[in-house]
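Number of protein chains: 2
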Amino acid sequence: MKLGRLNHIGIATPDLEASIAFYRDVMGATVITEPFDLPEQGVKVAFVNTPQVAGELGSVGGTQIELIEPLGAESPIVAFLARNPAGGQHHLCYEVEDIAEARAWFEGQGKRILGPTRIGAHGTPIFFLHPKDMLGQLTEIMERPHGAH
Amino acid sequence: MKLGRLNHIGIATPDLEASIAFYRDVMGATVITEPFDLPEQGVKVAFVNTPQVAGELGSVGGTQIELIEPLGAESPIVAFLARNPAGGQHHLCYEVEDIAEARAWFEGQGKRILGPTRIGAHGTPIFFLHPKDMLGQLTEIMERPHGAH
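As you go down the protein sequences, you meet chains V and A in turn. With the working numbering, you'll find the first sequence wraps up at 149, consecutive numbering, no jumps. With the working numbering, you'll find the second sequence wraps up at 149, consecutive numbering, no jumps.
If we strip away everything but chain V, and leave its shape as in the complex, we get (with noise of 0.2 Å):
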């Protein structure tokens, strides 16, 4: 297993658009995604992207801050915004080159998956690991997009 690229941080939401709207005005995010519908993860998305160097605007290339908001009442992350209201980090994502490899690994470390392997955000396949497993820190591994770096 070699570490990946941290392709983003998961921010919930209690309110997508407020939160476009903070980084946007507050933060001087330029480039935000259109809000997406994700029913196999119970949330509503969009992704804020960062620049690799501080004013370099525009730029894809840096660890995406990946807003969620519940989409509907089952959402795996109502429980989340219940204890936290203003909403906060909720995960982080690294991403890998063969993700059936990456579960096979931490399936070996004795780490415990949440669920089965199914498709994310970023139309790649995923899965979690329990965060008592991991640090305290929810953790996503995703296979690398094909071609997108």
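FYI, nobody ran anything at the bench for these hints, they're computed from the structure. Just to be clear, a hint being listed does not mean it is correct.
Identical copies carry no separate label here, and so any pair may be met within one copy or between two of them.
As the list claims (entries may be wrong) - Subject to a maximum C-alpha distance of 27 Å in a straight line, what follows is the list of computed DSSO-like cross-link-like pairs (lysine-lysine):
id, residue 1, residue 2
1, Lys111, Lys132
2, Lys44, Lys2
3, Lys111, Lys2
Please build the complex by placing chain A on the supplied structure of chain V, with the hints as guidance.
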């Protein structure tokens, strides 16, 4: 204000050495700095470098993971670890070109700044913003190291 590079994600841990071993042995990190004390912040610190592209080991271009362990009983992360005994995501840090300009910007936006501007782990001026004013995220703003990119 222009959104700057996401410099690092701060991860609080009760055991810095165990966390370094985790990133090296489980996550596959190859570039981890030697731990050092940062008495001004009340923490002991080590940085884990992440690559820009999965598998491109040794790159220093990615958002870093900043592992922080309490330094002394007065450490500001003692309370966080009491709530999160296994550790977890503690703060995010964005780069800016000019720390005084950024401080004036956030003050003008009515955001609460936690204490004076001081020297951070990368040797440049930093300040922290109150999580309740920042979508639940404790946010560090740091002046970009000159010549580092």
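Task: Numbers of unmet hints, in rising order - done: none
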